Amino acid sequence: MAISFLDNNEKDSIMLKAAVLKNRLGSETSMREESQPEQIRASFLSDSVFKTALNVSAVFMLLILAGIFVTLVLESIPSIKAAGFSFLTGKTWDPVFREYGTFVFLVGTLVTSFLALIISIPFSLAIALFSGEYFRQGVFSSFLKSAVELLAGIPSVVYGFWALLILVPLVRTFEMKAGIIPYGVGILTASLILAVMIVPYSASIGSDIISLVPSDLKEAALSLGSTRFEMIMKVVFPYARSGICAGILLSLGRAIGETMAVTMVIGNSNLMPENIFSPANTMASIIANEFTEATGDVYVSSLIEVGLVLLLVSLIITVTGRYIINRTSMQQ
Amino acid sequence: MTDGKLVFRIIKDRLFQAVVILFSFAMIVPLFLIIYYIIRNGISVINWEFLVSLPKPMGDIGGGIANAVVGTAMLVIVATVFAVPLGVCAGIYLSENKKGRIAYSVRLCMEILQGVPSIVIGIIAYSWIVLSMGTFSALSGGVALAIMMLPVIVRATEETLKLIPENLREASLALGVPYSRTIIKVIVPAGLTGILTGVLLGIARIAGETAPLLFTAFGNPFMNINIFKPVDSLPMLIFNYATSPYPLWHAMAWGASFVLVVLVLGLNIVTKVITNRWKVRF
Numbered sequence: 001m002a003i004s005f006l007d008n009n010e011k012d013s014i015m016l017k018a019a020v021l022k023n024r025l026g027s028e029t030s031m032r033e034e035s036q037p038e039q040i041r042a043s044f045l046s047d048s049v050f051k052t053a054l055n056v057s058a059v060f061m062l063l064i065l066a067g068i069f070v071t072l073v074l075e076s077i078p079s080i081k082a083a084g085f086s087f088l089t090g091k092t093w094d095p096v097f098r099e100y101g102t103f104v105f106l107v108g109t110l111v112t113s114f115l116a117l118i119i120s121i122p123f124s125l126a127i128a129l130f131s132g133e134y135f136r137q138g139v140f141s142s143f144l145k146s147a148v149e150l151l152a153g154i155p156s157v158v159y160g161f162w163a164l165l166i167l168v169p170l171v172r173t174f175e176m177k178a179g180i181i182p183y184g185v186g187i188l189t190a191s192l193i194l195a196v197m198i199v200p201y202s203a204s205i206g207s208d209i210i211s212l213v214p215s216d217l218k219e220a221a222l223s224l225g226s227t228r229f230e231m232i233m234k235v236v237f238p239y240a241r242s243g244i245c246a247g248i249l250l251s252l253g254r255a256i257g258e259t260m261a262v263t264m265v266i267g268n269s270n271l272m273p274e275n276i277f278s279p280a281n282t283m284a285s286i287i288a289n290e291f292t293e294a295t296g297d298v299y300v301s302s303l304i305e306v307g308l309v310l311l312l313v314s315l316i317i318t319v320t321g322r323y324i325i326n327r328t329s330m331q332q
Numbered sequence: 333m334t335d336g337k338l339v340f341r342i343i344k345d346r347l348f349q350a351v352v353i354l355f356s357f358a359m360i361v362p363l364f365l366i367i368y369y370i371i372r373n374g375i376s377v378i379n380w381e382f383l384v385s386l387p388k389p390m391g392d393i394g395g396g397i398a399n400a401v402v403g404t405a406m407l408v409i410v411a412t413v414f415a416v417p418l419g420v421c422a423g424i425y426l427s428e429n430k431k432g433r434i435a436y437s438v439r440l441c442m443e444i445l446q447g448v449p450s451i452v453i454g455i456i457a458y459s460w461i462v463l464s465m466g467t468f469s470a471l472s473g474g475v476a477l478a479i480m481m482l483p484v485i486v487r488a489t490e491e492t493l494k495l496i497p498e499n500l501r502e503a504s505l506a507l508g509v510p511y512s513r514t515i516i517k518v519i520v521p522a523g524l525t526g527i528l529t530g531v532l533l534g535i536a537r538i539a540g541e542t543a544p545l546l547f548t549a550f551g552n553p554f555m556n557i558n559i560f561k562p563v564d565s566l567p568m569l570i571f572n573y574a575t576s577p578y579p580l581w582h583a584m585a586w587g588a589s590f591v592l593v594v595l596v597l598g599l600n601i602v603t604k605v606i607t608n609r610w611k612v613r614f
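The listed protein sequences correspond, in order, to chains A and B. Numbering follows the working numbering, with no gaps: position 93 of the first sequence is 93. Numbering follows the working numbering, with no gaps: position 169 of the second sequence is 501.
Honestly, the hints are just simulated from the structure, not real lab data. These numbers come from a predicted model, not from an experiment. Don't take each hint at face value.
Under the rule of at most 25 Å between Cα atoms (straight-line distance), these lysine-lysine pairs were calculated in the DSS-like manner [as the list claims (entries may be wrong)]:
#	chain 1	residue 1	chain 2	residue 2
1	B	Lys517	B	Lys388
2	A	Lys51	B	Lys431
3	A	Lys234	B	Lys337
4	B	Lys344	B	Lys430
5	A	Lys145	B	Lys611
6	B	Lys430	B	Lys494
7	B	Lys344	A	Lys234
8	B	Lys430	A	Lys51
9	B	Lys604	A	Lys145
10	B	Lys517	A	Lys51
Here chain A stands alone, though its shape is the one from the complex (with noise of 0.2 Å):
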């Protein structure tokens, strides 16, 4: 009886579906029909097992996190009995006289982060807007769409090298001509390296974004006679804000966390950087750096404790950014 509400097509459908589940389970469901209470009994054994197995992989996921938060916390105790707060705040870090502020390392990770934003904001909204807006389909659309999954599956460490020599004598040819002590190295040069790096992720998720803006919306400022460049302004970036921001947050994110590219070009100074061109370390290359050398408890839990900071810093960021996008992703 209640097949007979469905209309020809979704009867066909269920049947050949079933069909499809009684060749894949053949053998299953023959045994079946003489089955014994054993089996039946072994069925469910295998299930409650099954069950377990699933639960307990799934709570072993949160042991991870709770591990990985437990370990840096105790490890670093040594580093936070020794030093207290000025650990944030001391600028200097000298493992010779067992002094260890990592407030230069906050500076230049934080420097070069929003530095490495700031450059790549534009080309982010560029092809967002490209990819989003005015290109939807079309051979330049996913040509414009390759060539970004592209950047974003070279290894961070093939970045740094290519950085380190080719672009650090570029910057050095640069700084040469402009008079500035030509390192060549250093934050201005890791935050074009990682500007690069972080492109693919807020493009993506900038395009994401502003393909979801209701055409409706768009249509009616058309059709009350604005440009498209007053449309994407009064309605495309109002509407998409949002979004659009968290994409940044999350290649901010990146940015803090990415190591290896950072730790090639960055010029490796433990010194208070003066401006951009100058040399400096940031969190992640500090550890990089130093962890294998580190002797002395203090010494490796002080490391530990930079670990820490910069898991903390990124975390607020990318949760934050999750946040915002699950956030406006549900309202539509």
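Keeping the supplied structure of chain A fixed, place chain B upon it in accordance with the hints.
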């Protein structure tokens, strides 16, 4: 008067469009430059000898990256062995329990885990495995990479299994098939390509990672196939050679970069082909 204003508006519109196009394609320039240099400098180094022989001592011409290729393969295998069963099970759990406190926290946890900087994961694998075993090892590197791979696999599995229609499961259960068999023989095979895509994407994500390996797999100039000993890997080798001052080693690093980029991009392309051709759809 109004005409002039209109012209001005139209010019502004065209100008904006031109700027958007210009900036979009400007981003392709670095991509081309990077790929150009890798191909130009890499291809001249690459030959069969380069892929199958071990590095020579400094100053000798020749030598290869066989140890790094084998090491990368080992690390990827170890990471996959750890991450795939766990990640797929957790993904199934999430798609089976869409609501619920644990499912919610696991989802949140995966998002957080995805945002953990890779160098921090290196520290974790160091304190969990290297410290307790007393030596750098391929195992610890593999575990670090597995942690990075997990979120990708969990998410891919969950998203794919969400697409499988409910009536498939109901039909199977109605035939008297036990729950576990229904999942293993009906639901998972129906979404297999999606899960496979997730695994491949995960491998592509970790194959080029260096930061978590710095103090776990550590690097090793000799061939090693013991997972309890340090191994070299392509990204580590590039890092070590790139930061050295010797042009000879830079050439080796270009060659290794070429191999690594071909590997990672190849994985991405295979993934794309799989998704396009055998898309999970109902």
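**Study point:** Hint consistency between A/Lys234 and B/Lys337 [alpha-carbon to alpha-carbon, up to 25 Å]
**Key:** holds, 18 Å
Check your understanding: Does B/Lys604 pair with A/Lys145 here, judged by a C-alpha cut-off of 25 Å?
Key -> holds, 13 Å
Check your understanding: Is the straight-line distance between the alpha-carbon of B/Lys430 and that of A/Lys51 25 Å or less?
Key -> It holds: about 15 Å lies between the C-alpha atoms, which stays within 25 Å.
Point to revise | Pair hint B/Lys430 and B/Lys494, alpha-carbon separation not exceeding 25 Å | key: holds, 9 Å
Check your understanding: Is B/Lys517 close enough to B/Lys388, meaning Cα to Cα at most 25 Å?
Key -> Given that 25 Å is the threshold and the Cα spacing comes to 51 Å, the pair is violated.
Review point. Does A/Lys234 lie within 25 Å of B/Lys344 when you go C-alpha to C-alpha?
Key: holds, 14 Å
**Study point:** B/Lys344 paired with B/Lys430 [C-alpha distance capped at 25 Å]
**Key:** violated, 49 Å
Check your understanding: Within a Cα-Cα threshold of 25 Å, do A/Lys145 and B/Lys611 meet the stated pairing?
Key -> Judged against 25 Å, a Cα distance of about 20 Å means the pair holds.
Practice item. Given the hint that B/Lys517 pairs with A/Lys51, test it: the Cα-Cα distance must not exceed 25 Å. Key: holds, 15 Å
Review point. Given the hint that A/Lys51 pairs with B/Lys431, does the C-alpha gap stay at or below 25 Å?
Key: holds, 16 Å
Of the hints listed earlier, those the structure fails to meet are numbers 1 and 4, in rising order.
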